[in-house]
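Undergrad: Chain residues, written in single-letter form:
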Amino acid sequence: MIIEPRLVITMAVICLVGIGIYGLLITRNLIKVIVALQILVKGAILALVLAAELQGQIQLGQSMALTLIVADTIVAVVGLALGLQVRRRVGSLDLRDLSKLKG
Amino acid sequence: MLEVVVAGGMIFCAVLAIRSSHLLQSAIWLAGSSAFTAILLYLMGAPQIAVIELSVGAGLVTVLFVFAINITGEDASTVLPSIPRPVAWAAVVLAIAAFAWMVLPGQQPALTEAGPAVFTSVLWKDRAVDMVLQVALIFAGVLGILTLLGGHEDTGEVAGGAHDH
Amino acid sequence: MPALLTLCTILVPWLGAVAIWMLGDKRQKTVGPVAVTFSVLAALAALCLYPFATAGVVVSIPMGDAFGSLSFRPDGLAALLTVIATVIGSLAVIFSLDYMKGEHQLPRYYSFILLFIGAMAGLVLSSSLLYLFFFWEITALSSYALISFNNDDPKAVRGGIKALIMTQVGGAGLLAGALALFSATGSFEIDQVLANPVAIPAGLLAFAAFGFLVAAAAKSAQFPFQTWLPDAMEAPTPISALIHAATMVNAGVYLLARFYPAFAEVPGWKTAVIAVGVITAFSAALMAIVAGDIKRVLAYSTVSQLGYMVYAIGLGAVEAAQFHLLSHAIFKALLFLSAGAVIHSVGTRDIFRMGGLGKRMPFTRLAFVIGSLALAGIPVLNGFWSKELILEAGMETGPAWGYILMLAGAGLTALYTLRVTWLVFYGKPREDLHVHPAGKAMKTALLPLVIGSIFSWLLVAFVTRVSANTMPYHHMEAMDITTLVQEVIMNPGTLIALAVILAGAGTWLVSQRVRFFEKSLGWAVHSIQASFGMESINDAITRLAGFAGEKLRITQTGLISWNLLYVVIALILACIYLAVGA
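Residue numbers (the working numbering), protein chains in the order written: chain A, 278 to 380; chain B, -15 to 149; chain C, 63 to 644.
Wrong hints could be hidden among the right ones.
As the list claims (entries may be wrong) - Mimicking SDA-like on lysine to any residue, the simulated pairs with C-alpha atoms at most 25 Å apart in a straight line are:
{"#": "1", "chain 1": "C", "residue 1": "K613", "chain 2": "A", "residue 2": "A321"}
{"#": "2", "chain 1": "C", "residue 1": "K217", "chain 2": "C", "residue 2": "P499"}
{"#": "3", "chain 1": "C", "residue 1": "K421", "chain 2": "C", "residue 2": "K332"}
{"#": "4", "chain 1": "C", "residue 1": "K88", "chain 2": "C", "residue 2": "V98"}
{"#": "5", "chain 1": "C", "residue 1": "K91", "chain 2": "C", "residue 2": "N213"}
{"#": "6", "chain 1": "C", "residue 1": "K613", "chain 2": "A", "residue 2": "R373"}
{"#": "7", "chain 1": "C", "residue 1": "K613", "chain 2": "B", "residue 2": "V71"}
{"#": "8", "chain 1": "C", "residue 1": "K91", "chain 2": "C", "residue 2": "K613"}
{"#": "9", "chain 1": "C", "residue 1": "K613", "chain 2": "A", "residue 2": "D374"}
{"#": "10", "chain 1": "C", "residue 1": "K613", "chain 2": "B", "residue 2": "P65"}
{"#": "11", "chain 1": "C", "residue 1": "K613", "chain 2": "C", "residue 2": "V630"}
{"#": "12", "chain 1": "C", "residue 1": "K332", "chain 2": "C", "residue 2": "A268"}
{"#": "13", "chain 1": "C", "residue 1": "K217", "chain 2": "C", "residue 2": "G354"}
{"#": "14", "chain 1": "C", "residue 1": "K502", "chain 2": "C", "residue 2": "I513"}
Stated by the list, open to error - Going by beta-carbon spacing under 8 Å, a handful of chain A positions derived as facing chain B:
{"#": "15", "residue": "P282"}
{"#": "16", "residue": "T287"}
{"#": "17", "residue": "G295"}
{"#": "18", "residue": "I296"}
{"#": "19", "residue": "V312"}
{"#": "20", "residue": "L314"}
{"#": "21", "residue": "A321"}
{"#": "22", "residue": "E330"}
{"#": "23", "residue": "A358"}
{"#": "24", "residue": "V367"}
{"#": "25", "residue": "R373"}
{"#": "26", "residue": "L375"}
Calculated directly from the structure, the hints in this document are not laboratory data.
Every residue gets a Cβ at the ideal spot worked out from N, C-alpha and C, and that includes glycine.
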């Protein structure tokens, strides 16, 4: 049986996205939410590069993936900083406590 | 064959990153997953982005995570999720099914195989606007860090002051 | 120049709103003068804009392919309404200096008034249906916020919510109609619809026409949505004068007048508009006769007079409607503001507790009497000319039943106007109320309106000429004063109308007892006071909306996990759509 690398990567992308979504939905910790988001975006980066490779335009895919990494990193940074502030003001990282608007 | 091993490692790390109940372990597993992703990217013929993913995804982001978790403390949550697990699973399965349906052979548009090789300068030539936007984005990120992390003394005081009155 | 002035009328009040908001609660003393400055500047800009009225778009800001462009067209009708909104708005703000003295949270009050003034100008000036809808909703929002200004009073909150929900019903009609027109023409430009209504499929055009009728009826408090306006009287009185008498409630009339050329040929539409106008004008006049709250009397009379305008549009007499709109805005603002002076002075709104106030507040009495005479349609005040024009149009072109009911309505108008004036200012004081005359700012605001109520009809030549020149699709005719005078005086209808008005007034003089109508009408009073059952229907709609809101609340947990689940579901749906659609 010949394993086609692209098929493997496609499956990996789908798995990563699935894990990311599951993590996003199931966790109640703000920092874990950001971890799950990172995993989801890794799937997206792989998918971009894969699509570019299939199209034969790997450089274009690389440049797009670069944009994605930058945006993703900044999402992580701002998310973590928000988490810190939440922790400071609310006293926990639990999303359930975040829904209480009254200070 | 190598792809299977790397992809397997990546998914294994990702699963553990989600499942681990300690935030620090979670962050480390995420870094591992990121490293495997970088190898996979290299194998796919995208070395530049692989290097960036390795340095940013596995390096910088992990450092940030560790830094943040150090400040917030572990706060490991073993509490039950807000959404019932079956619902979450159903959403995941549906999402995967939808993606799989889209990439199934025959469902995708005809691909133009292996076009002429493009220079790396595509980054600067074709996507100059994007680069400018990225610079702006990075600037926003830096500002975000400065205001949110650096200003905690002041905000703490303000919050405390508000309580006093 | 027109472009700059157009933008000024919208942006100056909004800048003022932001400025006042920034000033905040700590500087309560300064917000009043700041609000006056900005609103007067806007009024000056609008007055300067009026001579520059043009049929063409003067400002156009592209907003992307899907949304058309945000463009403004100050033609005769739009510029006139802008002038009304900003001038009466600035007078209401000046009046508020005295009226709201000592109240808390004044920045909220003034910034919402200024937000409203800018939005109202934007509503009428906008030449795109989409942005008209946006401004329409902003006016509804600020109206709600100002009705509920005293937000610790449950009645005020309920009135505000009711007004919001009922005008949202209208907003839905407007949006549905606009989308129907968009699907037919592929653009939101109003002029495109007016230029070539034949190109639109008849079904869609009829849908839009009746959708807009619903929108206009809800916004202008016409049958069957009329009951929100009396409940909106919980607002501070300057708000009632500005929003619920002179400007926002005219938006529905404006919409009908604007689209009259496009919808005139839709079968049944004109009859429906006439019917709505007649039913509203007559039934609201009846309700005004038995109401015991001075502001509710005025509110019912507003509903009734708006009914006259809607009736005139149904007849095709758009210029008469426009003329009456101008007159009504002036004299009704005058009536409300002088009623506000009375309420502020005696501290009650119950007319049965007042009486004999005229001696102690002579200037207010003068203002109120002039406003009343104009409302009743007594010559030579402005209300007389415009009402006569409408009644003449009704006699010449309208159905007989409509004309007779409108004529009776004019008599009833004279009756209830005289009743409220008498009960408040004449006779013997029924209770010992502490009275003090109106303040300086109040008088400053009332004086221009007194002058306007007496002389504004002299502007008819100017106003109709501007409208005739700048509104190519409406085929209006310029009318100078001699024609107006001749037409009104020579017409036998005028004599009939005057006779009916005098009869109505005479009815009161004969039966000068305080609670005469409440007693003599007997059983009918209850049904009239309940707005002939319309009250319960409107309440049911309000309750339904509240109920649906409560039930839908469980979907908004505020928990990020659930919100993420909705995101994922949307993603799945998008994937399925792409997979199936491609």
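Undergrad: Now look at each hint and say whether the structure bears it out.
TA: Evaluated hints:
A threshold of 25 Å between alpha carbons decides the hint, and for K613(C) with A321(A) the separation of about 37 Å lies outside it, so the pair is violated. With a C-alpha separation of about 28 Å, the suggested pairing of K217(C) with P499(C) is violated against the 25 Å cut-off. Taking the CA atoms of K421(C) and K332(C), the gap is about 48 Å. The hint is violated against a cut of 25 Å. For the hint linking K88(C) to V98(C), the alpha-carbon distance of about 18 Å falls within 25 Å, and the restraint holds.
Of the supplied pair hints, the one linking K91(C) and N213(C) holds, its CA atoms being roughly 21 Å apart against a limit of 25 Å. Taken as a hint, the K613(C) and R373(A) pair is honoured in the structure, with Cα atoms around 21 Å apart against an allowance of 25 Å. Distance restraint check for K613(C) and V71(B): the Cα-Cα separation of roughly 21 Å lies within the 25 Å cut-off, and the hinted pair is therefore satisfied. About 43 Å separates the Cα atoms of K91(C) and K613(C), which puts this hinted pair outside 25 Å; it is violated.
For the given pair, K613(C) sits about 23 Å from D374(A) by alpha-carbon distance, which is consistent with the 25 Å threshold. Annotation: proposed proximity of K613(C) to P65(B) holds, straight-line Cα distance about 24 Å (limit 25 Å). Between K613(C) and V630(C) the CA atoms are separated by roughly 23 Å; this keeps the pair inside 25 Å, and the hint holds. A C-alpha spacing of about 11 Å is found between K332(C) and A268(C), which places the hinted pair at or below 25 Å, so the restraint holds.
Of the pairs offered as hints, the one joining K217(C) and G354(C) holds, with about 17 Å between alpha carbons and a cut-off of 25 Å not exceeded. Under the criterion of a C-alpha separation no larger than 25 Å, the hint pairing K502(C) with I513(C) is consistent with the structure, at around 17 Å. Interface hint at P282(A): satisfied, since its Cβ lies 5 Å from the closest Cβ of chain B, which is below the 8 Å cut-off. Checking T287(A) against chain B by beta carbon gives a least distance of about 6 Å; that is within 8 Å, so the hint holds.
Look at G295(A): its Cβ gets to within about 5 Å of chain B, closer than 8 Å, so that hint holds up. About 5 Å separates the beta-carbon of I296(A) from the nearest beta-carbon of chain B, less than 8 Å, and the hint is met. For V312(A), the interface hint holds, since its Cβ comes within 8 Å of a Cβ in chain B; the closest pair sits about 5 Å apart. Interface restraint check for L314(A): the shortest CB-CB distance to chain B comes to about 10 Å, outside 8 Å, so the restraint is violated.
Interface hint at A321(A): violated, since its Cβ lies 11 Å from the closest Cβ of chain B, which is beyond the 8 Å cut-off. Because the smallest distance between the Cβ of E330(A) and any Cβ of chain B comes to about 6 Å, under 8 Å, the interface hint for this residue holds. For A358(A), the interface hint holds, the least distance from its beta-carbon to any beta-carbon of chain B being 3 Å, beneath 8 Å. A cut of 8 Å between beta carbons decides the hint on V367(A): the least distance to chain B is about 11 Å, and the hint is violated.
At its closest, the beta carbon of R373(A) sits 6 Å from a beta carbon of chain B; the interface hint therefore holds under the 8 Å criterion. With a cut of 8 Å, the hint placing L375(A) at the interface with chain B is violated, because the nearest CB-to-CB distance is about 11 Å.
Hint compliance for this structure: hints 1, 2, 3, 8, 20, 21, 24, 26 are not met, and every other hint is.
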